[in-house]
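Peer 1: Make the full structure from the sequences, and use the hints.
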Amino acid sequence: MTSFAWPLVDFAARFLDRDEHEAVLGDLVEGGESAWQGLRAVLGLVLRRQALLWKAWRPWFASFVITIPASYLLSGVSISVTCTAERVLWHKDLCPMLPTGHEGYGLLLCHAVLLVVCAWAAGFLVGSLARRTVWVSAVLCVLPTLATLPSAFEMDPFLRWSMVLFLAPAVVGVLQAFRFGTMKLPSATLIAVTVTILLLLAWTNHALWVYNWFLLVPTWCLVATAHSPRRSLRAAA
Amino acid sequence: MLGEFEYLLISAAAARGENAYGAAIREELESTTGRKCSIGALYTTIDRLESKGLVKTWMGEATAERGGRAKRMVRVTAKGVHAAKEFYDAVTRVSQGASWAVNRTGGGS
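Chain order of the listed sequences is A and B.
Residue 225 in the numbering used here sits at position 225 of the first sequence; the count goes up by one each step and never skips.
Whatever position you read off the second sequence (first residue = 1), add 237 for the numbering used here.
Be aware that a few hints might be false.
[What the hints assert, rightly or not] Output of the computed footprint for chain A on chain B, the stretches with three or more beta carbons under 8 Å from beta carbons of chain A:
| # | region |
| --- | --- |
| 1 | 260-268 |
| 2 | 276-286 |
| 3 | 313-319 |
[Said to hold, decoys possible] Among the chain A residues that face chain B by a calculated CB cut under 7 Å, a handful are:
| # | residue |
| --- | --- |
| 4 | D17 |
| 5 | D19 |
| 6 | E22 |
| 7 | A23 |
| 8 | L25 |
| 9 | G26 |
| 10 | D27 |
| 11 | G31 |
| 12 | L39 |
| 13 | A41 |
| 14 | G44 |
| 15 | L45 |
| 16 | R48 |
| 17 | V65 |
[To be verified] Here are the computed lysine to aspartate or glutamate pairs in the EDC-like style, where the Cα-Cα straight-line distance is at most 16 Å:
| # | chain 1 | residue 1 | chain 2 | residue 2 |
| --- | --- | --- | --- | --- |
| 18 | B | K273 | B | E241 |
| 19 | B | K293 | B | E255 |
| 20 | B | K293 | A | D19 |
| 21 | B | K322 | B | E241 |
| 22 | B | K273 | A | E33 |
| 23 | B | K316 | B | E287 |
Calculated from the structure, these hints are not laboratory results.
Keep in mind the model is a prediction, meaning the values are calculated, not measured.
Quick reminder that beta carbons are idealized off the backbone N, C-alpha and C, glycines included.
Peer 2: Below, the structure written as structure tokens:
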């Protein structure tokens, strides 16, 4: 294998499990494969592995039921929070087309907490349900931003960038899911109840788009998939 | 029942005995069947066989000829031997009377 192509093959093999990465690269060296044959072999295996993952429901659910709608709604909430902050804190009005109801510090705080908690919960759910296909969710996250790109260019640059505010807590959620796997039932329930109360609060203040009720789905899914000692005992029995 | 490639893989692993690992099985398959065997097909089939309990795999030692990389060793389990025998018997039974099978045993002239 030529030295310049080796890092390319090695990089492609990083998409495999650690043991498989080791075994496959060793097989290529032992078989005296050329660099391009090796690359084709590794990419073929990576594609087969990815295709096998999509035979389960979890990647479909995480990518298309959670990621696409949640990222679309959360980018809207991100803009809403920015606009409300501009109006309440700095007395500017960059987006008069987005009414946010009876604005004030309380509602701003409610929106900001909703944004952070819902984005984190969606990220955690996607990370825990479909760890190995999370890159698809990452790509799909960009779709709502691309869809609104023409109108985004007419926006204030500050506002344009605020569309991706939700990404920071979502990425933290994904990373924590990688680390901890699933949530404990009391924590998941606390998050779901908090989000429900905040959404009700925003709704009663006429500061909630009706479709934003969807943001309850990731949080209650966390409850459904949470780890509880009682469930573990039942499973063991 | 096993698939054709699954049977070939189990047979190649069994033929290699204690020295059955990815590259060796692939070489055995290619030399005996005369067909190319991709690494993707090999490792996904090994995984499938392992999930069915027909083979057992573990990481072996690293050697210099492999650039210091470890081997994925494969051993056919008792269940795998039984499944392969069942496949072989079925192929033998279904081939009885077929011209190529008769000619091969010298009874078709």
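Peer 1: Against each hint, give a clear statement of whether it holds in the structure.
Peer 2: Here is what the structure says about each hint:
| no. | hint | in the structure |
| --- | --- | --- |
| 1 | 260-268 | holds (count 3) |
| 2 | 276-286 | holds (count 5) |
| 3 | 313-319 | violated (count 0) |
| 4 | D17 | violated, 10 Å |
| 5 | D19 | holds, 5 Å |
| 6 | E22 | holds, 5 Å |
| 7 | A23 | holds, 4 Å |
| 8 | L25 | holds, 5 Å |
| 9 | G26 | holds, 3 Å |
| 10 | D27 | holds, 4 Å |
| 11 | G31 | holds, 6 Å |
| 12 | L39 | violated, 11 Å |
| 13 | A41 | holds, 4 Å |
| 14 | G44 | holds, 4 Å |
| 15 | L45 | holds, 4 Å |
| 16 | R48 | holds, 4 Å |
| 17 | V65 | violated, 27 Å |
| 18 | B:K273 <-> B:E241 | holds, 15 Å |
| 19 | B:K293 <-> B:E255 | holds, 12 Å |
| 20 | B:K293 <-> A:D19 | holds, 15 Å |
| 21 | B:K322 <-> B:E241 | holds, 13 Å |
| 22 | B:K273 <-> A:E33 | holds, 13 Å |
| 23 | B:K316 <-> B:E287 | holds, 11 Å |
The structure fails hints 3, 4, 12 and 17 (numbered hints given earlier, in ascending order).
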